[in-house]
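**Student:** Spelled out, the chains give:
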Amino acid sequence: MNSAVTDLGKTPSSSIPGAHSFWVQIVAMICLTVVLSLVLPFMKTWPQEWIVPIKGWVTQFFTWLDKEAAIGSLKFKTVTRSISWLLEQPLDWAEYILYRGIKARDLPAMFWIFLPVIGLSVLHTKFGMRRCLMVVATIWAISLADNVLFQFGLFELPHTAMEALGVKKLDALPWIVIVAGAGILGHWIGGWKLALFSAGCIGYLAVMGLWRDSMRTFSIVLVSVPFAVGLGLGLGIWVTRSKRAAAIISPMFDIMQATPHMAYLVPVVVLFGAGQVPAMIATVIFAMPPMARCTILGIQTVSSDVEESGRMSGCTPRQLLWKVTLPSSQRILMLGVNQVVMQTLAMVVIASMVGAQGLGHKLLFSLQQLRLGAAVEQGLAIVLMAVVLDRLTQAYANRAPGELASRETGWKAKKHFWIFLAVAVAAYLLAQFVPLVEKYPRAYTFTLGRNIDFALRAFSKHAYDYINPVRDFITIYMLIPFRDFFLWLPWTTVIGVVGLTAYWLGGIRTTLLTTGLIGFVILITGNWEQGVLTLYLVTSAVILCVLIGVPIGIWASRSDRAARAIMATCDTLQTFPSFIYLIPVIMLLKVGDLSNVIAILAYATVPAVRYTYLGIKRIPDVTIEASIANGTTPFQRLWKVELPIALPEIMLGINQTIMMALAMTAITALIGSSDLGQEIYRALPTADSGRGIMAGLGIAVIGIVADRLIQAWAAERKKQLGIN
Amino acid sequence: MAVDAQIKCRNIWKIFGADPEAFMQRYNGKPTADDLAQEGYIGAVRDVSFDVHKGEILIIMGLSGSGKSTIIRCITRLNDPTAGAVEYEGRNLLKATPQELIEIRRHKMGMVFQSFGLLPHRTVLSNVAFPLEVQNLDQLEREKRAMEMIELVGLGGRENYFPRELSGGQQQRVGIARSLAVEPDIWFLDEPFSALDPLIRAEMQDEFIRLQQMLKKTIVFITHDFEEATKLADRIGIMKDGQMVQLCTPEEMVLNPADEYVAEFARNAPRDRIVSAAAIMKKSTAKTPPRVSGASVLANTKIGEIAEQVINSEVPTPVTDAAGMLLGHVDRERITKALFGKGDIV
Ligand SMILES: Nc1ncnc2c1ncn2[C@@H]1O[C@H](COP(=O)(O)OP(=O)(O)OP(=O)(O)O)[C@@H](O)[C@H]1O
Ligand SMILES: [Mg+2]
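Residue numbers (numbering that gives the first Met the number 0), protein chains in the order written: chain A, 0 to 723; chain B, 0 to 345.
Calculated directly from the structure, the hints in this document are not laboratory data.
Keep in mind that a hint or two might mislead.
[What the hints assert, rightly or not] In silico DSSO-like cross-links for lysine-lysine, where the CA-CA straight-line distance does not exceed 30 Å:
1. Lys281/B / Lys301/B
2. Lys414/A / Lys94/B
3. Lys322/A / Lys216/B
4. Lys717/A / Lys242/A
The shape of chain A in the complex, shown without the other chains (with noise of 0.2 Å):
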């Protein structure tokens, strides 16, 4: 390790090899276009009429899947209905349960599928999971002959029952039932403080009177979650198993990762409509590829030893995927569930754009009347939700293999759950004679939304007077110019930059790949001036990410109470919906552009501090005391030996900060914006899918582009550090 001490003195400070003469390179390729487009105007603009409507294309194709599409006599269309269907189902039953309450005639359906699906539950570990699957498939064949003879008013059972017993209607859970339960999971996952936690947040829900709304979106999420990571397991174990399938899938997550939440929405509406199983839909492709990367990375990450172990002990290969492989990666795919519920909580905010009801909706429809007090307290709904949700997945997935199976036999080995259904049912008949029980008593609800809104009447009519000219002074002197700048840029400078940086950091393929990408996706198809809108506040907040993050980074590793305090920090502030960021900032700036990248900025700084704290960390201690020992003074040693050690893994955390600044660029387009975000808000009320797919594609492709030059970066520089 003191090879990389010595080393550093004769690296120079940029790691491409020649550095020279890239720099010289870069120069004359910037004088060379800039040059030519001023003779030439077509390489300074691309010119109006050679641009493909591309878009164009992709609205009619959309309408033809829509209008037209069809496999024999089987339309495509049908297909999206069904699927709706589908998905509808298990969305209401998670609606009646939750907060709708079921009327006698719901429930035929709701008892044929449930009843199975509690008795599964129960009985698999005793039976087996496949004899319990077949049983379920009988009921549920009986369910469907029942629903048809009900249909025709025949025959049903469990509707006759509840008229026979005069009961008109079953209620939804009471709100102490699902208090509670937060506290029993958080109680059985994480002891009495995680308890007291998540019932607190999930209680205080129903203290503000956003229990109904709270209860809406928790059902997308408690539906579309199973979807994601189902589905997300199934294409992961595929992507492992076969090579083909890798690589198609993998690239295409990389895209999907990088395209904005709001992106997915387009499409959806086209072709199910709005409302909240398009939602759900949306939010299942969107909260999918983490759970499919988790998987990739759990089974690719079993000790070899684990693995032969298995097959030594003559498994078959499923036998090995389930009793070995998958059982062994539970943390890592327990990670993968947090991250898809952390990403649902997301994107279900974000669709109520399409429709979804619920918290979303709430704050959408605040935000837009500047009703800033119902926002934040909508706001801090979803926050706590996000929150509870995210302490028990990861509270889950860090215990080690096999804590939660109890030693202890009989009814012990489950008595949280068996509290759990004491608790239920004492509750539910409870309920019945005890309204507060049931319902939270509206006369105790208490919101801080008033006193929020006056506090800031009070504050503005003061901070503006000061506020004001500061946000006035940096737009008009620092972003206006800098955004004169961008849109000044021929796209030949831009594109020649990009290609010659790429060649020398990846090669002639590198080259092809980005400018291929920004040629086709971005300057062709007439998005080129939103695109570089799109650039220029992305890098703005970036620059102030790096600005504000590293040095918070750097803070953080030379103190460890810092350290917890920051990193606690840092892990709240992650489980906030990208939403939730604009509030603050309409509060305190209104809109306009210095609002969008302190929103960006605000959302985005996260990953820069972090990984500035973890790459510094991670220098190996003799590296250090070698330094020391070399009689440097503190500064120095943070300024020769630290960061320059450090810097790949910091440039891994710009890499992804600008990943969240470009994601929260479209979520910014709420407060205006005229960049690639915009247009897709602007695509989604006229469902103008050309429009918005390759707007969000615009933004996936600067992701990409940034990506692939970063990373390629830092590969390069950490072969040169000898750095793994």
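Given chain A's structure and the hints, the job is docking chain B with the ligands onto it.
**Tutor:** Positioned in the frame of chain A, the structure of chain B with the ligands alone reads:
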């Protein structure tokens, strides 16, 4: 001496690299070390042939990276050899279908891994019962069998622990119990004790000898440690750069190392426990060996046991065969050189 070969390996090659098959073909199945290096392939195992006899403990030794693991992984088909044949009880393992292979592993083979390879999410009991579980044995029976194995390796009372709650030695006991649960005919151990610290290692070796005295399995055992090898081995095979340099009894290895590399291994061997009197005696020149009366030693006694007698005797001690006929003499000088010398034995 006629011995049953339980496993026959013939001309096994295992080459890692971009396209090993094509590479082998280009060199007519006999690439040299230079060919390999030139094209950037790794010859983990190169043209290795040997038999494993029924009931013996065959130990494979060699420096790190010499291909020890790879060779037993070729036999167990955890890796598919690039070329060659492995016969198990007359059947070519390399032609076995996946189903047959699973059957063989379920009933004939057991393997113990260096880093244990336990399933972290299962208790000791369920780990040991795992091979039986995948055979779909019912729960009661497999747990009964597993409990017997757990008792056998001395972990009774710990069956409900999770691997992470056990020490390294205990974890390896679980690994051993698991590999024995299916009552395999042949038992592979890949450096089973090298992750353990020396005291526990010695304890586990004794444990292993105790088990083997009860079970009498055919064993292929990999180790780094010559001391361990001589303690356990019937025969030792030394591997170097993917080739089997020598395969013989420990004594032959000490007496006639095939090359400098083997000699280096043998140098630190505990000669007192390996070399027998016959190997160091001065051969009698008599045409018809006379019968010896009085103090003498048997030819196959290890020199550690006769040292005291020989050194205390003023005259060379006669060495006899089982019938008491004179074969030669051992004197003080010879035995001292054999015991404490660093170079040749005689
Ligand atoms: N999957 C693989 N891919 C490429 N090379 C491999 C692979 N497995 C083993 N090798 C190479 O084959 C050679 C022999 O490896 P092997 O594991 O058999 O050595 P070993 O004698 O068991 O060493 P050790 O004592 O360290 O366990 C080594 O050079 C190793 O790098
Ligand atoms: Mg090995």
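**Student:** Determine for every hint whether it applies to the structure shown.
**Tutor:** Status of each hint after checking the structure:
1. Lys281/B / Lys301/B: Given that 30 Å is the threshold and the Cα spacing comes to 16 Å, the pair holds.
2. Lys414/A / Lys94/B: 52 Å, violated
3. Lys322/A / Lys216/B: Holds: Lys322/A and Lys216/B sit about 29 Å apart, inside 30 Å.
4. Lys717/A / Lys242/A: Holds, at roughly 28 Å.
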